Amino acid sequence: MAGRRKIGDIVANIVMIIAILSVLVPFYFLIITAFKSFSEILSVPPTFFPKKFTLEGYMLIREHGGDVTRSFINSLVLSCGVTLTTLFFSSLAGYAFAIYRFKLKEALFIAVISKYLLPEIILVIPWYGIMAKLGLADNLFGVAIVNLIGAWTIYYTRSYISQIPQDYIDAARIDGASEPYVLFRIIWPMMKPALGVIVIMNFLWSWNWFTWPLVLLESKRNFTLPITIAFVRYIYGGGAESVPHWGAISFATLIYILPVVILYLIVQRWFVEAFIRTGIRA
Amino acid sequence: MSKLHGNSPYIIFFLLPTVALYTFFYYYPLALDFYYSFTDWDLLSSPKFVGLENYIKLFSDSVFIKSIKLTLIYVTTVLLGSILIGLVLSYVMDRPTKLAALTRIIVFIPYVIPDVGAAAIWTVMFAPGPSGYVNYILSRIGLGTYSWFEDPNLAFPMIIAYSIWKYFGFCTLVLYSGMKAIPKDYIEAAKVDGASGFDIYTRVILPLLRPILIFIISTNLMYCWFVFASVYTLTKGGPGTATMIMGMYIYGQAFESMKAGLATAAAIINTAVILSLVIFLHVRGYKGGLYGR
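Chains as they are written, first to last, in the working numbering: chain A, 1 to 282; chain B, 1 to 293.
Note that these hints are calculated values from the structure, not bench results. Just so we're clear, the structure is a prediction, and the values are computed from it rather than from any experiment. Do not rely on the hints blindly, as some may be mistaken.
Unchecked claim - Listed next, the in silico EDC-like pairs over lysine to aspartate or glutamate satisfying Cα-Cα at most 16 Å (straight line):
| id | chain 1 | residue 1 | chain 2 | residue 2 |
| --- | --- | --- | --- | --- |
| 1 | B | Lys98 | A | Asp9 |
| 2 | B | Lys180 | A | Glu273 |
| 3 | A | Lys192 | A | Glu273 |
| 4 | A | Lys133 | B | Asp42 |
| 5 | B | Lys236 | B | Glu256 |
| 6 | B | Lys236 | B | Glu150 |
| 7 | B | Lys259 | B | Asp94 |
| 8 | A | Lys52 | A | Glu40 |
| 9 | B | Lys259 | B | Asp40 |
| 10 | A | Lys220 | A | Asp138 |
| 11 | A | Lys115 | B | Asp33 |
| 12 | A | Lys220 | A | Asp67 |
What the hints assert, rightly or not - Computed from the model, here is a short list of chain B residues facing chain A with C-beta under 10 Å:
| id | residue |
| --- | --- |
| 13 | Phe25 |
| 14 | Tyr26 |
| 15 | Met93 |
| 16 | Ile105 |
| 17 | Val112 |
| 18 | Pro128 |
| 19 | Phe228 |
| 20 | Ala229 |
| 21 | Phe280 |
Where is the CB? At the ideal position from N, CA and C, for every residue including glycine.
Work the whole structure out from these sequences, hints included.
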């Protein structure tokens, strides 16, 4: 009996170690490739630790007109912008849907949050036509504007505010508080964990955002990081064997995912909770 | 309860931004979609009305048919594969060791990082030729070198393998939290009745996890069906049309072949089918008491 148990433990440990390695090993390859020189990347056999640390990847992207620093800033501006507007406007809408009673409320609510169920690709084609007419093609603001107010966030704030006892709101109103005061000074402080989830989710989601920026953005100076990575992925190096610039791809990718991984490791428990509870994907 | 009349200015003030934005960037585009799907439109000139032609063309387009088949295979194998790994791993890591705690942190990382980043990592790891990391390791143990994402026969299985790697952490942790929620008495009772560990798992735990499985499938179905960013980064649908799954097909028709009318028709058909499936699963989920909180 004890023997069988021990074998079970060993098998379990082996399975877990394989799972951990399947995640960590690819990351290790990425990190070392990001700092190798181009000739070292193509050497046979491959090196498993860079002989010399270089920033050739970064320079290569510059040579092809891309710019990782600029893309990083673009991504940051886009993600922070969309997160902040969503936080504000979705709170307003979520509050209205949670607290007020009015005709056709449920119908309007479903009409709004159904956007979350649809795939983006179905909206991207008409969006493109609209933006071309508005003169917002190749414009970061044109990317952001279609998603300034997140459907999932409205749904989430509504369900969160619905759980707050009505007494708090009534008491504040009797004291003469205005409705915006109730929302931002009484409800918001009470829903700090939810606001954290909203900020993380919306930030990750915009950081990941790909299809629409890919369609709308044309000049490399306006690219966000994922678009720059996709662009670098399909630059083929010169020479007899035309291969992608693995070093450049790795460098841009490292800059792209590092903030997410660090953020995840810091607030790990929170992350998992938020993802699992909501089933939302980044 | 709030009175409607006293607050009505605020209802309008609070909802107006949302209603305005959603009218202009959600319902108006959706209406345009239906219009475009009956037109021949190259994204630049004005659309020409062609009736049902796009819908008829689609079903005689061998690439569209292939795309449906590939997408069906992709969705079923990816969901099944990551759920199976999730079932094994969530069971295995349900123990109070440090290694188990570490596993719970690490396996979630592929799911958290952005698609394009995760896909780029795989392209580097599976670089073709003898200088690729995986190729080198395989050739050292005598298994040869491969072109992976550039091989027409390997590219599609590789995309499936990549996607399972991307999702298994999510399935694992969702199933793990589901298992944690099962009352201990159920398992104790089965033990008292003399059930073996395997019996307890298949007869007690697994049936109780059923609603969780429905949850995983229904929340990921739409995303998997239209998976795009990863495929674009890995293969762009190639080589040839070897990995032309639905998201890639629609994007390619619209923005590379400039057949936006055809692309909207394809998008509408696919969305309608998958959306009904998702709603069906959700309704079933409710019946099973999934959201019984």
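Results for each hint:
For the hint pairing Lys98 (chain B) with Asp9 (chain A), the CA-to-CA distance comes to about 13 Å; that is within 16 Å, so the pair holds. Annotation: proposed proximity of Lys180 (chain B) to Glu273 (chain A) holds, straight-line Cα distance about 13 Å (limit 16 Å). With a CA separation close to 15 Å, the supplied pair Lys192 (chain A) and Glu273 (chain A) stays within the 16 Å bound. The hinted pair formed by Lys133 (chain A) and Asp42 (chain B) meets the criterion: a straight-line CA distance of about 15 Å does not exceed 16 Å.
Proximity of Lys236 (chain B) to Glu256 (chain B) is assessed by CA-CA distance (about 11 Å); at most 16 Å being required, the pair is judged to hold. At most 16 Å may separate the alpha-carbon atoms for a hinted pair to count; Lys236 (chain B) and Glu150 (chain B) meet this at roughly 11 Å. Restraint check for Lys259 (chain B) and Asp94 (chain B): the C-alpha separation of about 52 Å exceeds 16 Å, so the hint is violated. Using a Cα cut-off of 16 Å, the hinted pair Lys52 (chain A) and Glu40 (chain A) holds, with the two alpha carbons roughly 9 Å apart.
Annotation: proposed proximity of Lys259 (chain B) to Asp40 (chain B) holds, straight-line Cα distance about 7 Å (limit 16 Å). In summary, the hint linking Lys220 (chain A) to Asp138 (chain A) is supported, as the alpha carbons are separated by about 10 Å, within the 16 Å threshold. The suggested pairing of Lys115 (chain A) with Asp33 (chain B) holds, with an alpha-carbon distance near 14 Å, which does not exceed 16 Å. Using a Cα cut-off of 16 Å, the hinted pair Lys220 (chain A) and Asp67 (chain A) holds, with the two alpha carbons roughly 8 Å apart.
Annotation: Phe25 (chain B) was flagged as interfacial toward chain A, and the flag holds, the nearest CB pair being 4 Å apart, inside 10 Å. The interface hint given for Tyr26 (chain B) is met, as the beta carbon of that residue sits about 5 Å from the closest beta carbon of chain A, less than 10 Å. Checking Met93 (chain B) against chain A by beta carbon gives a least distance of about 6 Å; that is within 10 Å, so the hint holds. For Ile105 (chain B), the interface hint holds, the least distance from its beta-carbon to any beta-carbon of chain A being 6 Å, beneath 10 Å.
Contact between Val112 (chain B) and chain A, as hinted, is supported at the beta carbon level, the nearest pair being about 5 Å apart and thus within 10 Å. Annotation: interface hint on Pro128 (chain B) holds; nearest CB of chain A at approximately 8 Å, less than 10 Å. A least Cβ separation of about 6 Å between Phe228 (chain B) and chain A falls short of the 10 Å threshold, and the interface hint therefore holds. Restraint check, Ala229 (chain B) versus chain A: the minimum CB separation of about 4 Å is within 10 Å; hint holds.
Look at Phe280 (chain B): its Cβ only gets to about 13 Å from chain A, farther than 10 Å, so that hint breaks.
The structure shown violates the earlier hints numbered 7 and 21.
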